[in-house]
Amino acid sequence: KNQVEQSPQSLIILEGKNCTLQCNYTVSPFSNLRWYKQDTGRGPVSLTIMTFSENTKSNGRYTATLDADTKQSSLHITASQLSDSASYICVVRAMTTDSWGKLQFGAGTQVVVTP
Amino acid sequence: KAGVTQTPRYLIKTRGQQVTLSCSPISGHRSVSWYQQTPGQGLQFLFEYFSETQRNKGNFPGRFSGRQFSNSRSEMNVSTLELGDSALYLCASSPEGSGRDTQYFGPGTRLTVL
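Protein sequences appear in the order of chains G and A. Just so we're aligned, residue 1 is where the first sequence starts under our numbering, counting upward by one. Just so we're aligned, residue 116 is where the second sequence starts under our numbering, counting upward by one.
Each hint should be verified, as a subset may be incorrect.
[Unchecked claim] Okay, the calculated bits of chain G under chain A, using three or more residues with CB under 8 Å as the criterion:
(1) 56-65
(2) 105-112
[Stated by the list, open to error] Some but not every residue of chain A turned toward chain G, in silico, with C-beta under 10 Å:
(3) 118
(4) 121
(5) 122
(6) 155
(7) 156
(8) 184
(9) 205
(10) 207
(11) 221
(12) 223
Everything labelled a hint here was simulated from the structure, so no lab data went into it. Every value quoted in this text rests on a predicted model; they were computed, and no experiment measured them. We put the CB at the ideal spot given by N, CA and C, even for glycine.
The whole structure should be built from the sequences, with the hints applied where relevant.
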């Protein structure tokens, strides 16, 4: 079973509207959680990173929240733009290793912003 | 600074052939990781190299191999290609590959196996 579950799988929203993506994880012990944005045909780009003690982090119109107690994170997109159309991937890192090999990736949420 | 570059961007091969993909990390980065991305499986870790040594390996068969050169450039090789190897192969680099390092991804190589 995947240790990082994202929902919804896909989402269509109107330009200018807000939306929230969810990420639930079981990775333990927890080190940090990142949200990546991946445009079609490109590699993922990091949006935010949060550690155990951080519960909110913003990057422009993107705001990520983290509840380490319930092991849930969300990514909120405010006033969506056409350029927000992309896949958003939640990635959780375990505390016990320095290697990238122990990163756990969610399957991603595909967001489509329509005019 | 130039970003992570991958070559080639697109590749079409037939079953049974072998392929070599190349990745040039951001200057100064010593950690290079490789991932396979498919629509059904998402991103899956292949292996990581740090200072020319493989530091970790994912759960892929031995047909998948890699190496890193002294200038941190890395290559990934897949032998005896299968249809299921069709995927986007992403390379990512980071300074040390640990802690709060950010991984910077390249644009990927789209491999199609016919």
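Cross-check of the supplied hints:
1. 56-65: violated (count 0)
2. 105-112: With 4 residues in contact (Cβ-Cβ under 8 Å with chain A), the coverage given for the stretch 105-112 of chain G holds.
3. 118: With a minimum Cβ separation of about 9 Å from chain G (threshold 10 Å), the hint on residue 118 of chain A holds.
4. 121: OK, holds: residue 121 of chain A within 10 Å of chain G, min 8 Å.
5. 122: violated (14 Å)
6. 155: Holds, about 9 Å.
7. 156: Holds - the Cβ of residue 156 of chain A comes within 10 Å of chain G, reaching about 8 Å at its closest.
8. 184: violated (19 Å)
9. 205: holds (5 Å)
10. 207: holds (7 Å)
11. 221: holds (5 Å)
12. 223: Holds, about 6 Å.
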